[in-house]
Amino acid sequence: MTSHLAGVERVCGQCLSDPPAFDESVILTDYAAPTDALVQDLKFRAQLPLAKALGPPMAEAARHRLQRSDKPADFVLPVPLSRERLEQRGFNQALELARPIALTLTLPLLADICVRTRHTSAQAELPLTQRRVNMRGAFAVRDRKVMEGKHVLLIDDVMTTGHTLRELAACLKRHGATRVSNLVLARTPAR
Numbered sequence: 028m029t030s031h032l033a034g035v036e037r038v039c040g041q042c043l044s045d046p047p048a049f050d051e052s053v054i055l056t057d058y059a060a061p062t063d064a065l066v067q068d069l070k071f072r073a074q075l076p077l078a079k080a081l082g083p084p085m086a087e088a089a090r091h092r093l094q095r096s097d098k099p100a101d102f103v104l105p106v107p108l109s110r111e112r113l114e115q116r117g118f119n120q121a122l123e124l125a126r127p128i129a130l131t132l133t134l135p136l137l138a139d140i141c142v143r144t145r146h147t148s149a150q151a152e153l154p155l156t157q158r159r160v161n162m163r164g165a166f167a168v169r170d171r172k173v174m175e176g177k178h179v180l181l182i183d184d185v186m187t188t189g190h191t192l193r194e195l196a197a198c199l200k201r202h203g204a205t206r207v208s209n210l211v212l213a214r215t216p217a218r
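Each residue of the sequence shown is one higher than the one before, counting from 28 in our numbering.
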């Protein structure tokens with residue numbers, strides 16, 4: 028599946044050998060300085076104004092790619108947090124990024140159509156080999172009718188292994204989505 032980072036299209040080796048359920052990823056930048064500090068401030072220090080500043084550039088990166096798509100996205104969907112993580116953090120950073128993105132792209136924001144069915148360990152705390160298993164079966168769609176035949180624009184802050192987005196995209200497609208595109212603030216560079 029195609030990844031777009033800083034205007035460069037590429038397909039990673041893992042996606043060639045084990046194709047994900049999502050169709051493409053638009054990534055604003057690498058998870059490196061200074062973006063890594065901004066993500067940490069947003070996610071763990073509740074610096075929510077950062078989402079308002081980072082969302083529009085993410086939307087513009089997607090706008091360029093979506094114009095070349097055969098079908099523009101039908102709506103924006105932030106990666107949901109578990110109830111426990113939401114209570115712990117007090118907000119969903121993906122939702123906070125999705126608000127200005129939806130506004131900039133003039134797309135509906137459907138924040139409650141998909142839920143995390145169980146609390147999972149934080150992906151960043153797990154070895155790479157355990158991340159896929161951690162996410163297996165972690166999402167559900169509340170209303171299949173809303174998803175059927177749609178192109179979904181998934182929003183997340185960081186993509187490392189991609190297992191969260193892979194699992195969520197697979198769930199959305201099982202419930203009728205025809206296309207799933209990821210819009211991610213930063214991707215952890217390959218080691």
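Be aware that a few hints might be false.
Claimed, not checked - Listed below are the simulated SDA-like cross-link pairs for lysine to any residue, each with C-alpha atoms no more than 20 Å apart in a straight line: (1) Lys79 / Thr133; (2) Lys200 / Pro216; (3) Lys172 / Arg201; (4) Lys172 / Phe102; (5) Lys200 / Ala138; (6) Lys172 / Cys198; (7) Lys200 / Leu93; (8) Lys79 / Leu65; (9) Lys79 / Ala64; (10) Lys200 / Ala149; (11) Lys70 / Gln115; (12) Lys70 / Phe118; (13) Lys79 / Thr131; (14) Lys70 / Val185; (15) Lys79 / Val142; (16) Lys70 / His202; (17) Lys79 / Pro47; (18) Lys172 / Ala149; (19) Lys70 / Thr133; (20) Lys172 / Pro127; (21) Lys200 / Gly176; (22) Lys172 / Leu65; (23) Lys200 / Leu55; (24) Lys79 / Glu51; (25) Lys172 / Gly203; (26) Lys200 / Glu152; (27) Lys172 / Thr131; (28) Lys172 / Arg206; (29) Lys200 / Thr215; (30) Lys172 / Ile140; (31) Lys79 / Gly117; (32) Lys79 / Val168; (33) Lys79 / Arg116.
Since the hints were derived computationally from the structure, they do not count as laboratory data.
### Query
Going straight from one Cα to the other, do Lys79 and Glu51 come out at no more than 20 Å?
violated (24 Å)
#### Entry: Hinted pair Lys200 and Thr215, Cα distance within 20 Å
Violated: Lys200 and Thr215 sit about 25 Å apart, past 20 Å.
#### Entry: 20 Å limit on alpha-carbon distance, applied to hinted pair Lys200 and Gly176
holds (9 Å)
#### Entry: Holds or violated: Lys70 to Thr133, with C-alpha atoms at most 20 Å apart
violated (25 Å)
### Query
CA of Lys70 to CA of Phe118, is that 20 Å or under?
holds (9 Å)
#### Entry: Given hint Gly117 paired with Lys79 - CA-CA distance at most 20 Å
It holds: about 17 Å lies between the C-alpha atoms, which stays within 20 Å.
### Query
Can the restraint linking Lys70 and Val185 be considered satisfied, given a maximum Cα separation of 20 Å?
holds (10 Å)
### 20 Å limit on alpha-carbon distance, applied to hinted pair Lys70 and His202
violated (29 Å)
#### Entry: 20 Å Cα cutoff - pair Lys172, Ala149
Measuring from Cα to Cα gives roughly 31 Å; hence the hint is violated.
### Message
Does Cys198 sit within 20 Å of Lys172, going by the straight-line distance between their CA atoms?
### Response
holds (14 Å)
### Lys79 paired with Thr131 [C-alpha distance capped at 20 Å]
Given that 20 Å is the threshold and the Cα spacing comes to 11 Å, the pair holds.
### Given pair status - Thr133, Lys79, alpha carbons within 20 Å
It holds: about 15 Å lies between the C-alpha atoms, which stays within 20 Å.
Checked against the numbered hints given earlier, this structure breaks hints 2, 10, 15, 16, 17, 18, 19, 20, 22, 23, 24, 26, 27, 29 and 32; the rest are met.
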